[in-house]
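What follows is each chain in one-letter form.
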Amino acid sequence: MYAILVDVTRCTGCERCVSACLDINDLDHQRAADDRLVSPDGLSANRLLTIDKVESGRFARKSCMHCVDPTCVSACLVGGLTKSKEGPVVYDATKCIGCRYCMLACPFHIPRYEWDRTLPLVKKCDMCMDRLQEGQRPACVEACPSDVLLFGERDRILKEAHNRIRTNPDRYDQHVWGEDEFGGTCILYVSDVDLGELGWTELMTAGIPSLTIPLIEKTPFIGGGVAVGLLAVNWIIRRRMRLAAEQSSESGSCDERKSGGIG
Amino acid sequence: MVRKTRHFKDILWVIALSGLVAGVFRLWFGLGATTNLSDAMPWGLWKVFNMVGGVALSTSGFTVGLLVYVLKLERFRPYVKPAILVAFLGYGCSCTALLFDIGLPQRFWHPIFMWNEHSFLFEVFWCVLLYFTVTAIELLPTIIERFRSERIVRWLHRAAFGVVVVGISLSSLHHSSLGSLFLVTPTRLHPLWYSSMLPVFFILSAMGAGIMVVVLLRILYARWYDPEPVFGPDSMNIDGQTCVIVDPLSGVKPRVVRGTEITRLAQLASIAVSILGVYFLLKAADLIRLGTWRALASGTWESWLFGLELVLAVVLPITLVVIPGSRRSPAGLGIAAFSAAAGLILNRLDVGIFGYFQDSRTVYFPSLAEWALGFGVIAAAGLIFLYLAENFAIFDERWKERRTFRMLFQPAFDTLSRVWSTALSDNLNRVTLIAVFVIPAAWVMMYPPFSAAHSSAAAVLPSAGIDPARTVLHVDGDRSGVSCDFPHVEHQTRLGGTDSCSICHHVSLPKDHSTPCSRCHRSMIEPTSIFDHTAHLTYTLTRENLTGWYPENRSCAVCHVPDQPKRGSSAKPCLECHSKDMWCAVVPVDSADLMHACSFSQAMHNTCVTCHTHESVRHIEYRGIAFGIGESAP
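Residue numbers (this note's numbering), protein chains in the order written: chain A, 1 to 263; chain B, 264 to 897.
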């Protein structure tokens, strides 16, 4: 599983990575520039990667985090999103029905929708899956002039991240964003400022699917249990009614039943 | 009796036809152009109101089925048919709205073949699909018994109990799963509404409000068509009244039960409010468990909304049903039922829409098309409901009388047919014609231009990442493809406050093509004359140490060639003296005489970046590749 380390202290915000991303995804530069102004966080269907200027003045990359345990993958009802073994979370445009549950589910607000098209699809970063399969690095990593992005196997990248914050404690906060949050991500950040604005929270250390998957696996048993319970209750009630009817016919009264009096 | 509903039906027709027009527009222009949905608020009115809310209000088929078939509370048997009809129509219009809501409606069948069994939405899809079929099967005997197909009816009656049990277990799954849909957003949904108990809350509130919908419809039906059992003078006489109840589904022999219609409705309502009471207690306990009751006391608009929702959904219905006076009056029961239904819808809107405002830092308000289609499908379902209630044995067996009445006095179908047949002969009906066709058309014509609607649709607040007050914009002022930070407020202040807009923004230019940056900041972009004649003159005087009566006049010959007109173009090239000043720069080609200095940006590219690009490329080669694919780490 590959990962990208983002060193926020090195980023100058030149957005050369964004430009490379637009080129590799055949997106229009002008529309991407327009969307930068409209979109509240800079991402849009025409702009799958952006540099967010966080409150403290630092520049931070924002794109799909490629979670280790992705919420969107568990949410998509047709299985159109999958976590590949190379690391990227990949979108299958031929399956998507456009329910937009992935957009609601993503804790980082990443998937974007082509609102200006009549038959829209979801757009998001796929970590240049085609390039990875050809043995190349993602386009943004290739393009970065300031050595902000480091690409490689996730455990090696993590080791390097810890190495950096250990050897340079003055420069970095002692925290690798994305190591544990939401069950871990494949885009990791080292920084000297808090990155909560990007959607990170240290409160969730397990993946969000761990909240839902155990529940949904019980579903067939709940459904079956309800059906069996209903049959059992119905059998008991019927039996009691039959006994009551037999008793009343023995004592010779009419078949009128008591109705619960209220009011 | 049919006349009472006429104007109500006219309104329904208008809404339904508007919805039809909005639906056509949505299919033709796409989701982004017709709705106010955005990336920040991907789920809007159609999903949350029509699907989550609409399905929740259609619980009646399941709850009344549970009471009558499983718990054998025979006195509620007359409500089975309306309940099933409500469920069928409710699910039908939710599915219709959903069909317009999904981005690619032609692929609605995908979940049937493409499975992701870890998705709650997948479970909801399947349960709704199956349960919709179940309600259709349950409804069939009522519909086809009018056409005297005895054998099919008998066969369906035999299967009734099994179908009901399957329906109940499907319902118990998907009504809770609708709540579980929102379990995936622990960081996004407002803490007042997010809870691991959401599925339990959803099914309990849906059961309570679903029963209340049946109560409400029974009272409305009585008001419009048959007031005797509910509003009549004998309706309050509890003792000594009996009524005959025929089983609608399984066709068992008629039964006789005691009590009036209104007492039975009150019993139904008290079952509903006891479920709602359990819901309320659980919700209160959950607030304390999660500690979110502090947020309730914080006085934000979310906390007020939360309070309003609980008052409407629980407190008001319970109060009205507990007080004997209002319980025995149709009005009290009707208000209680309406309040419970409204509270349920508000709850679903809170969980699905309002609860996300805080996180997405945006405000979503549905567009006209969303309102029109969202309510249009409901209006259409209402029309079908009224038609079926008039012509089939839904509430009672009196459709035959009504049909005779209508055959004598009225055309076969509702307003629409009446409008068609007599529109041109009757002034009053011409008004109706306008109401039915012209108003919706005009209404829709007032839409914003569909193609350009999206960019202006989502009124979004800026994220904290960008300057919240928008004092700094990110603009490409010269349209060169390179954008930069533009301190707008600072420019405005410097150029003279609010009156200065016209210095850069010109009304005559289309699409707000304001003055490019280079108009004022010439030296940044274009070669600019930096030659200072006076400075050269005084400097030459001291350097050449010129003396005489007019030393200035003698200095001309230092630069200008004698017998040539004294112009910049004919003067000595600057580089003859200034060559050593330019040691680090590449000499700009387009201003070889240096009289026009190259622009600042060009100067930077000719000087700094030439070397520093090399530096950065060298840096990448040195450090970056080491962790690449196929390479080994150092």
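Treat the hints as calculated values from the structure; they're not laboratory data.
Possibly wrong hints are sitting among the right ones.
In silico SDA-like cross-links for lysine to any residue, where the CA-CA straight-line distance does not exceed 20 Å [claimed, not checked]: (1) A:Lys218 x B:Trp378; (2) B:Lys829 x B:His799; (3) A:Lys95 x B:Lys829; (4) B:Lys335 x A:Arg240; (5) B:Lys335 x A:Lys218; (6) A:Lys218 x B:Leu362; (7) A:Lys95 x B:Val574; (8) B:Lys335 x A:Trp235.
Short, incomplete list of chain B residues facing chain A, as computed with Cβ under 8 Å [as the list claims (entries may be wrong)]: (9) Pro305; (10) Arg370; (11) His381; (12) Phe385; (13) Thr625; (14) Val626; (15) Pro629; (16) Leu631; (17) Glu753; (18) Arg757; (19) Leu758; (20) Gly759.
What you are looking at is a predicted structure, and each value in this text was computed from that prediction instead of being measured.
Where a beta carbon is used, it is the ideal one built from N, C-alpha and C, also for glycine.
The hints, checked one at a time:
no. : hint                : in the structure
1   : A:Lys218 x B:Trp378 : holds (17 Å)
2   : B:Lys829 x B:His799 : holds (14 Å)
3   : A:Lys95 x B:Lys829  : violated (77 Å)
4   : B:Lys335 x A:Arg240 : holds (11 Å)
5   : B:Lys335 x A:Lys218 : violated (29 Å)
6   : A:Lys218 x B:Leu362 : violated (29 Å)
7   : A:Lys95 x B:Val574  : violated (43 Å)
8   : B:Lys335 x A:Trp235 : holds (10 Å)
9   : Pro305              : holds (4 Å)
10  : Arg370              : holds (4 Å)
11  : His381              : holds (5 Å)
12  : Phe385              : holds (4 Å)
13  : Thr625              : holds (7 Å)
14  : Val626              : violated (12 Å)
15  : Pro629              : violated (15 Å)
16  : Leu631              : violated (17 Å)
17  : Glu753              : violated (17 Å)
18  : Arg757              : violated (22 Å)
19  : Leu758              : violated (22 Å)
20  : Gly759              : violated (25 Å)
Going through the hint list in order, the structure does not satisfy hints 3, 5, 6, 7, 14, 15, 16, 17, 18, 19 and 20.
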